[in-house]
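Turn these sequences into a full structure, and let the hints guide you.
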Amino acid sequence: MRTSLVILVCFVAGILTGRLVHLPSSPAPDDYTVYILCALLLFVGISVGGDSHFWQALRERDNLRLALLPFLVAVGTLAGVALVSLTLPTVSLRDALAVGAGFGYYSLSSVLLTQVRGETLGVIALLANLMREIATLVLAPLLVRFFGRLAPIACGGATAMDSTLPIIVRFSGKEYSIVALFSGIVLTAAVPFLILIILSA
Numbered sequence: 001m002r003t004s005l006v007i008l009v010c011f012v013a014g015i016l017t018g019r020l021v022h023l024p025s026s027p028a029p030d031d032y033t034v035y036i037l038c039a040l041l042l043f044v045g046i047s048v049g050g051d052s053h054f055w056q057a058l059r060e061r062d063n064l065r066l067a068l069l070p071f072l073v074a075v076g077t078l079a080g081v082a083l084v085s086l087t088l089p090t091v092s093l094r095d096a097l098a099v100g101a102g103f104g105y106y107s108l109s110s111v112l113l114t115q116v117r118g119e120t121l122g123v124i125a126l127l128a129n130l131m132r133e134i135a136t137l138v139l140a141p142l143l144v145r146f147f148g149r150l151a152p153i154a155c156g157g158a159t160a161m162d163s164t165l166p167i168i169v170r171f172s173g174k175e176y177s178i179v180a181l182f183s184g185i186v187l188t189a190a191v192p193f194l195i196l197i198i199l200s201a
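All residue numbers for the sequence shown refer to the numbering used here, where the first residue is 1 and numbers rise by one.
Honestly, the hints are just simulated from the structure, not real lab data.
Backbone N, C-alpha and C fix where the C-beta goes; we use that ideal spot for every residue, glycine too.
Treat the hints with care, as some may be off.
Ranges between beta-carbon positions, derived for each pair [claimed, not checked]:
| id | residue 1 | residue 2 | range |
| --- | --- | --- | --- |
| 1 | ALA39 | ARG149 | 33 to 41 Å |
| 2 | PRO89 | ALA201 | 18 to 26 Å |
| 3 | HIS22 | GLY173 | 52 to 60 Å |
Here is the structure:
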């Protein structure tokens, strides 16, 4: 929760600085964004490859149910985004789906969409995916009560592997920690590929 608030404060501070302080008209070179994106992808790969819980989860007996969860989360997310996009005439279905494909991974999705589609969509991705993480942290007990123990994992999306994992374990139970880790890691790894596939379709 603290990390999300820090990110949000930094974002608002950047907006205020850009609005109130005279800055050079030329922004930082686009190459910097590419370098940051490559670094993020490198660390995602390292975290997936080095996470022993991920490989342990693959050897669990209930592999089919485990494998289906991130797939269902992805399908549900994109279906919900498609419905919401009908009420947003200024945002195309493709762009809306690309934002939704961030699955809560606001840092990577916002940088990637800024690079590919421009700053406006990058900002939308940052805020939408940040709100998904905050919603999971705040609403987890209600999600469990009304929708079941898997609901916080689904709501957390990619963040179920890290920032929302403690709150998921607290309200869903320790027995769901491996499921949350697996789902979060799979969705995290899928984010860059799915965004690029959607935008190139």
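Hint-by-hint comparison with the structure:
1. Between ALA39 and ARG149, the C-beta spacing of about 35 Å keeps the proposed range 33 to 41 Å intact.
2. A C-beta distance of roughly 20 Å is found between PRO89 and ALA201, which places it inside the suggested range of 18 to 26 Å.
3. For HIS22 and GLY173, the hinted distance range of 52 to 60 Å is satisfied, since their beta carbons lie about 54 Å from each other.
Going down the numbered hints, you'll see the structure goes against none, and every one checks out.
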